[in-house]
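Peer 1: Residue 130 in this note's numbering sits at position 98 of the sequence shown, with consecutive numbering throughout.
Where hints are given, some of them may not hold.
What follows is a list of derived Cβ distance ranges for each label pair [to be verified]:
1. Arg184 x His91: 40 to 50 Å
2. Ile176 x Lys216: 19 to 29 Å
3. Gln63 x Gly180: 36 to 46 Å
4. Ile176 x Gln112: 20 to 30 Å
5. Gly41 x Arg192: 28 to 38 Å
6. Arg184 x Ala60: 40 to 50 Å
Source of the hints: derived by calculation from the structure; they are not laboratory data. Quantities reported herein were computed from a predicted structural model and do not represent experimental measurements. Using N, Cα and C, we set each Cβ at its ideal position, and we do this for glycine too.
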Amino acid sequence: MTVHLITGGARSGKSAYAEQLAAQAEAAGQQIIYIATSAGNDAEMQRRVALHRQQRPAHWVTVESPLQLAAALQQWDQAQYWILVDCLTVWLSNLLFSGDQDFPETGLITPPAMVAEQRAALLQQLAVSSADVTLVSNEVGLGIIPMGAVTRWYADEAGRLNQAVAKVAQQVTLVVAGLPLSLKPGVSQ
Numbered sequence: 033m034t035v036h037l038i039t040g041g042a043r044s045g046k047s048a049y050a051e052q053l054a055a056q057a058e059a060a061g062q063q064i065i066y067i068a069t070s071a072g073n074d075a076e077m078q079r080r081v082a083l084h085r086q087q088r089p090a091h092w093v094t095v096e097s098p099l100q101l102a103a104a105l106q107q108w109d110q111a112q113y114w115i116l117v118d119c120l121t122v123w124l125s126n127l128l129f130s131g132d133q134d135f136p137e138t139g140l141i142t143p144p145a146m147v148a149e150q151r152a153a154l155l156q157q158l159a160v161s162s163a164d165v166t167l168v169s170n171e172v173g174l175g176i177i178p179m180g181a182v183t184r185w186y187a188d189e190a191g192r193l194n195q196a197v198a199k200v201a202q203q204v205t206l207v208v209a210g211l212p213l214s215l216k217p218g219v220s221q
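Starting from the given sequences, assemble the full structure and let the hints guide the process.
Peer 2: Structure below.
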């Protein structure tokens, strides 16, 4: 099993690169499981989801999992599967804003402990996975420091999530302007 994190900025080509890798895995005999994390909450996001669906082969198994990512990975945890998760930061956003309480210290409506539990469950599942898992994530911390407290908290959490996944991953790739740059292996640990 291999865990591969693919990260980069918005519209950097990271999803297209991940889908190329999925096509290669399929050609080598693995079945592709595509775990989509978007809830499609607005018209623009629904258009993005529809475009992604059109761009990938219809025979790939698509699993919609906007919140329970670790459980979805566990459900498909078999060696013959090559799982593509697109994307971690959308999942994190769904998680952060899925609650029904107010937490003034963060501005969120989800208990911070629940976010930590879900992240821990994800990392634990990645560590024991029998399937090859490729995760796409946004590198939101490359831009300016956000002005709002909630946005800063989200950027911080996304950065921590990417670091934690990169630590358990055997491969990490940064995609910039459509060009994949290998970060791990290839960097001293």
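Peer 1: Which hints from the list above does the structure break, by number from lowest to highest?
Peer 2: 4, 5
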